[in-house]
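Colleague: Sequence:
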Amino acid sequence: MLELTHKNVHNHFRINGYHLNATDLCRVAYDYIKEGDSNEQAIGEFLLDWFDHKDYIEMRTSGTTGLPKTVKLEKQAMIQSALATGDFFELEPRNKALLCLPVKFVAGKMMLVRSLILGLDLDVVTPSTEPLALNETKYDFVAMVPLQVQNSIEELVNVKKLIIGGAKLDSALEAKLLPLKTEIYETYGMTETITHIAAKKLGESVFTVLPNVKIAQDDRGCLVITVPSISDEPIVTNDLVEIIRENQFIFLGRIDNVINSGGVKLIPEQIEAKLIEKLDSRFFVTGIPDVTLGEKLILVIEGEKQDFAADFFDVLDKYEKPKEIVFVPKFKENENGKLLRKPSLL
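If you read the sequence shown in UniProt numbering, its first letter stands for residue 1, the second for the next number, and so on.
One thing to keep in mind: the hints can contain errors.
[What the hints assert, rightly or not] Derived DEER-like restraints, expressed as beta-carbon distance ranges:
id, residue 1, residue 2, range
1, 53, 18, 22 to 28 Å
2, 323, 220, 24 to 30 Å
3, 17, 233, 39 to 45 Å
4, 18, 264, 55 to 61 Å
5, 232, 45, 25 to 31 Å
6, 232, 4, 16 to 22 Å
7, 129, 54, 33 to 39 Å
8, 55, 137, 32 to 38 Å
9, 7, 137, 27 to 33 Å
10, 315, 7, 53 to 59 Å
11, 90, 137, 33 to 39 Å
[As the list claims (entries may be wrong)] Simulated pairs of lysine to aspartate or glutamate, EDC-like, Cα-Cα distance not exceeding 16 Å:
id, residue 1, residue 2
12, 278, 307
13, 200, 232
14, 338, 170
15, 72, 87
16, 265, 295
17, 96, 136
18, 7, 24
19, 321, 269
20, 7, 52
21, 278, 121
22, 342, 307
23, 330, 295
24, 161, 140
25, 278, 302
26, 96, 170
27, 278, 314
28, 296, 320
29, 214, 174
30, 181, 154
31, 274, 232
32, 104, 140
33, 138, 154
34, 104, 45
35, 323, 333
36, 160, 121
37, 161, 218
38, 338, 302
39, 161, 183
40, 342, 269
Treat the hints as calculated values from the structure; they're not laboratory data.
We put the beta carbon where it would ideally sit given N, CA and C, even for glycine.
Turn these sequences into a full structure, and let the hints steer you where they fit.
Modeller: Laid out in structure tokens, this is it:
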């Protein structure tokens, strides 16, 4: 069997209802760049990059594993990632898929690559916070960020399998999604891993890695990912994890977010999980400089000031209780809808 290359276009691939080969797609790409909106221009530029002579795509990272930087992702590695996703989620040629994510980011690019390689029937819509609005098409496979999911709960009846990435799925949204018949997964990944390398079903706590992915911990307790088809070197993250078995782990939190308060190390994500059922507004906990403690734990809530009962924080352990509550009119987010903790305090 011949190895797939970036020149291959599956004979069942369709985009917005049309069967197009590589030549057709390059022609469409030029039209998008010349006359399209910003997302269509990004699609056009990616397609031309995909079918050119180079064996890699240049992409800007989000800074998940360090400072943002430009990385080269091998096209063959992107193909292997697409095949692994197809295997894990049991995708088949002619499955109906929706691309509603910006193609300038890796998640949007990979929906195109999966469709090209796996032979998906892909609809492309302008990215928005309500991607399924006025759309009654039934889809086998859709990828969204949490904000899009939040605004599409009623329409998810038309989606068979949904993957959620780009930002952590909070417990309040998860509770709204659990009664749905849609098969929903939260994914774990980053630009350096060519989108997700692990996923967990809604309601579960354990991530299972995709085929050919190996995991370990470094001396900080952070996840180290080895994917030979993607990178010659292990990818070291700043994500604290508990490894359950060789192919499964529990995400605990970001080591950058850990608060050292009087010698006690506190993981914000674990504290937030205890408070999620008690707060209707968006919130997060973080640490700020303190003369006595080094850092003191504070609770930051989006919206107007409110009062809390004396027993409100009884769900927390002694050291997890905030020393101060700060109210912020509106949190800051990046383009993926991921909450920016420190900038939201400025």
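Colleague: All hints are to be evaluated individually against the structure, with a verdict given for each.
Modeller: Hint check results:
no.	hint	result
1	53 x 18: 22 to 28 Å	26 Å, holds
2	323 x 220: 24 to 30 Å	26 Å, holds
3	17 x 233: 39 to 45 Å	42 Å, holds
4	18 x 264: 55 to 61 Å	59 Å, holds
5	232 x 45: 25 to 31 Å	27 Å, holds
6	232 x 4: 16 to 22 Å	20 Å, holds
7	129 x 54: 33 to 39 Å	34 Å, holds
8	55 x 137: 32 to 38 Å	35 Å, holds
9	7 x 137: 27 to 33 Å	30 Å, holds
10	315 x 7: 53 to 59 Å	56 Å, holds
11	90 x 137: 33 to 39 Å	20 Å, violated
12	278 x 307	13 Å, holds
13	200 x 232	26 Å, violated
14	338 x 170	12 Å, holds
15	72 x 87	25 Å, violated
16	265 x 295	10 Å, holds
17	96 x 136	13 Å, holds
18	7 x 24	13 Å, holds
19	321 x 269	14 Å, holds
20	7 x 52	9 Å, holds
21	278 x 121	42 Å, violated
22	342 x 307	24 Å, violated
23	330 x 295	24 Å, violated
24	161 x 140	6 Å, holds
25	278 x 302	14 Å, holds
26	96 x 170	28 Å, violated
27	278 x 314	11 Å, holds
28	296 x 320	10 Å, holds
29	214 x 174	28 Å, violated
30	181 x 154	11 Å, holds
31	274 x 232	39 Å, violated
32	104 x 140	24 Å, violated
33	138 x 154	13 Å, holds
34	104 x 45	9 Å, holds
35	323 x 333	25 Å, violated
36	160 x 121	14 Å, holds
37	161 x 218	34 Å, violated
38	338 x 302	15 Å, holds
39	161 x 183	5 Å, holds
40	342 x 269	15 Å, holds
Hint check: violations occur at hints 11, 13, 15, 21, 22, 23, 26, 29, 31, 32, 35 and 37; the rest are consistent with the structure.
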